[in-house]
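2 protein chains.
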Amino acid sequence: MAVDPSAPHVDLRPIGVFDSGVGGLTVVRALRRVLPAESVIYLGDTARVPYGTKSPRTVERYSLACQRFLLDRDVKLVMVACNTASANALSALASASDVPVIGAVRPGAQASVEDSSSQRIGVIGTLATIASRAYERAIAELDASAHVSSLACPLLVPLAEEGWTDGPIATAIVERYRRQLCALDSDIDTLVLGCTHYPLLKGEIERLANAITSREIRVVDSASAMAGAASALLGDRANRADSVGALNIFVTDATRMQELSTRFLGERASGFELVDL
Amino acid sequence: MAVDPSAPHVDLRPIGVFDSGVGGLTVVRALRRVLPAESVIYLGDTARVPYGTKSPRTVERYSLACQRFLLDRDVKLVMVACNTASANALSALASASDVPVIGAVRPGAQASVEDSSSQRIGVIGTLATIASRAYERAIAELDASAHVSSLACPLLVPLAEEGWTDGPIATAIVERYRRQLCALDSDIDTLVLGCTHYPLLKGEIERLANAITSREIRVVDSASAMAGAASALLGDRANRADSVGALNIFVTDATRMQELSTRFLGERASGFELVDL
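For the protein sequence lines, the chains are R and Y, in the order given.
FYI, in my numbering the residues of the first sequence are 5 to 281.
FYI, in my numbering the residues of the second sequence are 5 to 281.
Hints may be right or wrong, so weigh each one.
Here are the in silico distance ranges between beta carbons for each label pair [what the hints assert, rightly or not]:
#	chain 1	residue 1	chain 2	residue 2	range
1	R	Thr62	Y	Gln262	22 to 32 Å
2	R	Glu271	Y	Leu188	26 to 36 Å
3	R	Pro40	Y	Ala100	50 to 60 Å
4	Y	Asp246	R	Arg65	46 to 56 Å
5	Y	Glu277	R	Asn214	41 to 51 Å
6	Y	Ala215	R	Glu220	34 to 44 Å
Stretch by stretch, here's where chain Y covers chain R in the computed footprint (C-beta under 8 Å, at least three residues) [stated by the list, open to error]:
#	segment
7	162-169
8	176-189
Since the hints were derived computationally from the structure, they do not count as laboratory data.
Please read these numbers as outputs of a predicted model, since none were measured by experiment.
Positions of the beta carbon are idealized from the N, C-alpha and C atoms, including for glycine.
From just these sequences and the hints, can you work out the full model?
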């Protein structure tokens, strides 16, 4: 790997990313756009997905095991792509790690507060994420005056996993959820995609959001926000060489991985290794 | 409760039904159509739904706990509305029960073999049910010459749970899956709805199945098939009085229950009790 000799602080260790499933590969995709030279180790706990239906204690235990796997591979940064793990286990993860830990909720919340001029913010996510109120809490911590409207959109995950991300079905479903969200607050100017699956639908969501309203609605995807947070946190320790870093994908169950990994990663994964946590 | 005195064999104990979630309420709905006088106890293990992503050993453990709960309430019959539990735990459940146990897979498989004249049968279900090949095995046991084509339809469960069971979105999604199934075998004459959520979409599925093909496609829903199997098994021990039996619903987590129970049951539940297994 070509390293700029004028950048003595560069830390060549990989970045670790984990998620309960494959959705977190959209975070890897965003990372490879922002920091292409970084090596990345991804762990998807696909045998135990979803975390959203499990007890907070179980989520913490599984999340700590995922993080341990990454720390054992000498990562310089842990990124928790799973919203449920971020909402329930982030402080336990940070306590158990000697490298920085970036969660899924805070970067998206931060970007929405920065992007919104009216502080009327919409959040969409899975049933579990919306029920956890994690985004509402994170946004309130950043700006107590912000008005947050949240909507669970349970059809969007299977829609993304099926790869039906454009065309009439995606349009009709996104449009129906858009109307439900507008019924909660027709004045939102910023919409947070609070699920790692949703960046695959970002085009459709942006198109519909802006086709209807007279003013622009900014769409914040938490995957891109996390990649931005990683870049900011690493600063001059980030590998910004003109090369493409290695990507190693580990999963706890390989079912549908070939199909799904390509869809979420946006590039063909060279392979993935099956591990038992 | 009015009991026909000329039916001395009638067993007035309730029928027990359990499922990992709310979907099994479609089995209760079918039961109440076929055997309205029967009292029913339903247990939805909604805190641990879905079972489809858990290990066979865990599924067996959870299923035994669900059955224990029903047996402790003196049921005369246990109905396992969960496809995953039926595929992984049925023999363990039958061994642990002193009353008959009816699973979700066999009745639907049986009905499809009886209904099909060409023995070209389609099966749709969740990713977990289709991956388990439970219907294929059950149909092969009944008729080794049957040709089974299976398709996972992951959008249908959230579609049913959202209550979007008719209208353009349901039509477009069902039509897309229909085309995928026809690509596997354009000659199927019978389609098994291998998921307890799907009876809510039966109208849409039947309409589309028959609009396209020149001959009729019979749609077998496993909920109705299970209710028929219960009626046949109970015979003259069934309560066939001219009255409406009691229905008691127990769940391990009450989130969304009010909304979902009405949708799946087709009547307003008088309430549900939260239990810890």
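Each hint tested on the structure:
1. R:Thr62 to Y:Gln262: 22 to 32 Å: 26 Å Cβ-Cβ, so the 22 to 32 Å window holds.
2. R:Glu271 to Y:Leu188: 26 to 36 Å: For Glu271 (chain R) and Leu188 (chain Y) the Cβ distance comes to about 29 Å; the hint holds.
3. R:Pro40 to Y:Ala100: 50 to 60 Å: Holds, at about 57 Å.
4. Y:Asp246 to R:Arg65: 46 to 56 Å: Given range 46 to 56 Å: holds, Cβ gap about 54 Å.
5. Y:Glu277 to R:Asn214: 41 to 51 Å: At roughly 47 Å between Cβ atoms, Asn214 (chain R) and Glu277 (chain Y) fall inside 41 to 51 Å, so the hint holds.
6. Y:Ala215 to R:Glu220: 34 to 44 Å: At 42 Å between Cβs, range holds.
7. 162-169: Coverage by chain Y holds here, the residue count being 5 at a Cβ distance below 8 Å.
8. 176-189: With 3 residues closer than 8 Å to chain Y, the segment 176-189 of chain R meets the three-residue bar; holds.
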